[in-house]
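J.: What follows is each chain in one-letter form.
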Amino acid sequence: MSTETAKKEIDHEDFDPKGTLALILLYFVILAILWIFMYFIEFLGNDLTVIG
Amino acid sequence: MHIHNYEKIWLVLAMLLIVAFISTVAYGATAMGVDMISDDEETINPDALDEDQRFAEPRVEQVGENEYEAYVVALQFAFQPDPIEVPAGSTVTFYVTSRDVIHGFEVVGTNANVMVVPGEVSTFTVEFNEAGEYGVLCNEYCGDGHHVMEGSVVVVPEEEYDGGDQ
Chain A
1 MSTETAKKEI
11 DHEDFDPKGT
21 LALILLYFVI
31 LAILWIFMYF
41 IEFLGNDLTV
51 IG
Chain B
1 MHIHNYEKIW
11 LVLAMLLIVA
21 FISTVAYGAT
31 AMGVDMISDD
41 EETINPDALD
51 EDQRFAEPRV
61 EQVGENEYEA
71 YVVALQFAFQ
81 PDPIEVPAGS
91 TVTFYVTSRD
101 VIHGFEVVGT
111 NANVMVVPGE
121 VSTFTVEFNE
131 AGEYGVLCNE
141 YCGDGHHVME
151 GSVVVVPEEE
161 YDGGDQ
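Which chain is which? The protein sequence lines are A and B, in order. Using our numbering, the first residue of the first sequence is number 1, and each one after it goes up by one. Using our numbering, the first residue of the second sequence is number 1, and each one after it goes up by one.
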């Protein structure tokens, strides 16, 4: 007994991984915020900073 | 090779992120003046610190209107002088060396943190804006008394400063 599944060929551009894009953008935003926090607040705000 | 549009987006974003990381560090180094600990001091003989102009008598010395130099010797298991006394609103250059083994000189909770290597003079400059007290500790294992090796930097109000001598 065989089942017949409908197959549809799609082109490279026809599939947009929207979820993956959203996830990557979210990671990107998190990374950017963490970097700003780490560098400008934790590091530069952590006086005494070596200046010479 | 064909690259999907979405892939182009995240490739470009990843590149931009790297550029942004590098530019913030460059911004810190130029606009904010953040510097590295330099190694351009001459080496000295750690066994003859008593004959060294700077380290025979560990001290804080005034070298300009609001500029001071602190000559600090780290040894098992203390820092000299202790406390290191400086006035608020001053720029202080630390010269730190060791007479025995490798130590660390970390002003606790700040970015002022150097290794102290016998024969080398670790040099760095910081600004003390407000009066207060900082702990200093050794963060390189230096022997069985390592955990009790500590010192302090006392920042006194400018008008109360008496030269830093004990």
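There's no promise every hint is true.
Claimed, not checked - Only pairs whose alpha carbons sit at most 30 angstroms apart, straight line, appear in this in silico DSSO-like list of lysine-lysine:
id, chain 1, residue 1, chain 2, residue 2
1, A, 18, A, 7
2, B, 8, A, 8
3, B, 8, A, 7
4, A, 8, A, 18
5, A, 18, B, 8
In case anyone wonders, no lab produced these hints; they're calculated from the structure.
J.: Could you grab the alpha-carbon distance between residue 8 of chain B and residue 7 of chain A and see if it respects the 30 angstroms cut-off?
T.: 28 angstroms, holds
J.: Given the hinted pair residue 8 of chain A and residue 18 of chain A, is their alpha-carbon gap at most 30 angstroms?
T.: 20 angstroms, holds
J.: Does the structure keep residue 18 of chain A and residue 8 of chain B at a Cα separation of 30 angstroms or less?
T.: 14 angstroms, holds
J.: Between residue 18 of chain A and residue 7 of chain A, is the straight-line Cα distance small enough, at 30 angstroms or below?
T.: 22 angstroms, holds
J.: When you check the alpha-carbon spacing of residue 8 of chain B and residue 8 of chain A, does it fall within 30 angstroms?
T.: 26 angstroms, holds
Hint compliance for this structure: no hint is broken.
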